[in-house]
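J.: Let the sequences and hints guide you as you build the complete structure.
2 protein chains.
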Amino acid sequence: MTTDVSRKAHREPLTRERIVETALRVMDAEGLEAVTMRRIGRELGVEAMSLYNHVEDKESILDGICELVMSEFEFPDPAEDWAESCRRAARAWRQLLKQHPDVMRLFAEARGPVRSVDSMRPTEFALRLLRASGLSDRDTAQAFHAFGGYIQGFVIMEMGSIAGGTDEAQLKVHEELAAALPEEFSTLRDVSPYFAECGADEQFEFGLDLLIRGVLERVRAQPA
Amino acid sequence: MTTDVSRKAHREPLTRERIVETALRVMDAEGLEAVTMRRIGRELGVEAMSLYNHVEDKESILDGICELVMSEFEFPDPAEDWAESCRRAARAWRQLLKQHPDVMRLFAEARGPVRSVDSMRPTEFALRLLRASGLSDRDTAQAFHAFGGYIQGFVIMEMGSIAGGTDEAQLKVHEELAAALPEEFSTLRDVSPYFAECGADEQFEFGLDLLIRGVLERVRAQPA
DNA sequence: CATCGTATGCTTACATCGTAAGGAGTATAT
DNA sequence: ATATACTCCTTACGATGTAAGCATACGATG
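From first to last, the protein sequence lines stand for chains L and Z. Numbered according to the numbering used here, the first sequence terminates at residue 224, and the numbering increases by one at each position without gaps. Numbered according to the numbering used here, the second sequence terminates at residue 224, and the numbering increases by one at each position without gaps.
Since the hints were made in silico from the structure, they are not lab data. Hints may be right or wrong, so weigh each one.
Stated by the list, open to error - One-sided and incomplete, this derived list gives chain Z residues near chain L with beta-carbon spacing under 7 Å:
hint, residue
1, Glu124
2, Ala146
3, Tyr150
4, Ile156
5, Leu211
To be verified - Below, a list of computed lysine-lysine pairs in the BS3-like style, where the Cα atoms sit at most 27 Å apart:
hint, chain 1, residue 1, chain 2, residue 2
6, Z, Lys58, L, Lys58
7, L, Lys98, L, Lys172
8, L, Lys98, Z, Lys98
For glycine and all other residues, C-beta sits at the position ideal for the given N, C-alpha and C.
T.: Listed below in structure tokens is the structure:
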């Protein structure tokens with residue numbers, strides 16, 4: 001009987017957690033379309049249908065991926081001044097989204113907000129940080145959406161743009177595009193080079209600074 | 001022979017344009033998952049495979065949807081002051097995204113940037129507007145990403161959140177959620193009511209104002 | 001220890017998807 | 001009139017999510 005046991009024992013027992021982790025790993029490595037019940041099963045040495053003993057359906061796995069990613073958020077160390085703390089937090093969030101390039105596609109699908117405790121900790125952290133600026137509770141709620149929206153949207157644009165290739169390659173593409181443009185698009189032609197020239201990091205900081213400055217000014221104008 | 005002709009003639013000839021329009025209509029009415037080659041065909045009184053005479057593949061149809069939506073952008077009338085013009089443009093863009101609730105999911109998929117002339121007109125418009133604030137060309141490029149990211153990200157959050165139901169229903173959900181929260185989440189508990197209380201419109205304006213104020217301050221600090 | 005319910009995994013099967021291959025009919029060019 | 005090209009249809013294939021049912025192994029109870 002020991003052999004019977006060992007035949008089973010030499011593989012870890014399946015759990016929802018292991019399934020979700022595996023799915024995330026596959027997604028990061030080969031993209032969302034590679035995340036398939038059969039594929040996840042194969043990765044775990046199991047048939048696709050076996051997953052259903054631990055998971056309601058595929059969507060539940062995708063929900064799990066969202067929770068897992070959220071829970072991976074690394075809380076940045078606080079800085080001396082508020083603006084810098086805020087920047088660090090925003091960078092950490094963008095960093096996380098970029099580490100799992102397809103996760104924004106999951107967020108974009110209508111699935112309800114993530115509810116697990118682990119995945120709410122980053123939210124709590126962000127709210128606490130925003131409120132520490134001196135905003136009222138009400139403005140804190142609104143600022144949360146402003147920063148959250150900005151960061152997520154920025155990452156989407158970042159992924160969606162030319163995305164691949166070196167900076168030089170990008171610049172070339174932009175030059176060609178600008179050259180082929182009708183007169184009608186003179187502004188686009190003027191500005192286009194900077195799309196490539198300004199790295200994504202710099203662009204991110206720019207918008208972030210706009211938001212931060214906006215918050216600081218608002219706090220000055222009407223303290224909580 | 002007239003009869004033979006008429007048998008065919010009584011339905012519009014298939015074109016890429018009609019296919020894309022139909023696909024968008026289906027998507028708006030029943031969501032992205034309803035957009036199927038067979039379904040689009042049925043809607044046009046045609047078999048699925050017939051579509052391939054006018055369209056490379058399904059992805060090309062989805063690209064077409066993105067272009068079509070972009071080209072639907074309604075340019076707002078200019079206002080007396082720059083901030084208000086900017087607000088109108090941002091509202092128009094958000095409005096458009098909300099009119100086609102699943103289009104952000106398409107944008108979020110890695111597909112390259114939309115290149116058709118019609119769909120670049122809104123970009124040109126936005127750049128022209130931003131530059132009119134007094135920003136340098138370089139800062140204009142960056143501000144474009146800031147505003148674009150914010151608007152798109154905001155709409156995603158807006159869709160993803162509780163989304164359905166009246167304001168009262170939302171408020172109730174938030175109350176229940178807050179009540180069930182561990183101590184650890186005191187800030188979330190404090191702020192949560194305002195997530196529901198502040199309507200999405202008000203929240204959008206808040207973040208928008210942050211960005212606009214940021215831009216104005218930057219222009220004042222370093223004119224182009 | 002025997003047994004029996006419960007959990008876990010496997011096999012098979014089905015509807016639906018995107019689309020490859022090729023046939024039939026019509027319109028246009030020669 | 002004949003050939004060519006285009007449009008649309010039929011059929012078929014592999015992949016997907018998952019329903020249904022069977023086999024096995026484990027843990028609790030007698």
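J.: For each hint, tell me whether it holds in the structure or not.
T.: Hint by hint, here is what the structure shows:
1. Glu124: Because about 5 Å separates Glu124 of chain Z from the closest Cβ in chain L, which is inside the 7 Å limit, the hint holds.
2. Ala146: With Cβ-Cβ at 3 Å, under 7 Å, it holds.
3. Tyr150: OK, holds: Tyr150 of chain Z within 7 Å of chain L, min 4 Å.
4. Ile156: For Ile156 of chain Z, the interface hint holds, since the closest Cβ of chain L sits about 5 Å away, which is under 7 Å.
5. Leu211: With a closest approach of 5 Å, the Leu211 of chain Z hint holds.
6. Z:Lys58 to L:Lys58: The hint holds at about 23 Å.
7. L:Lys98 to L:Lys172: Since the Cα atoms of Lys98 of chain L and Lys172 of chain L sit roughly 24 Å apart, the hinted pair holds (cutoff 27 Å).
8. L:Lys98 to Z:Lys98: holds, 25 Å
Violated hints: none; the structure is consistent with every hint.
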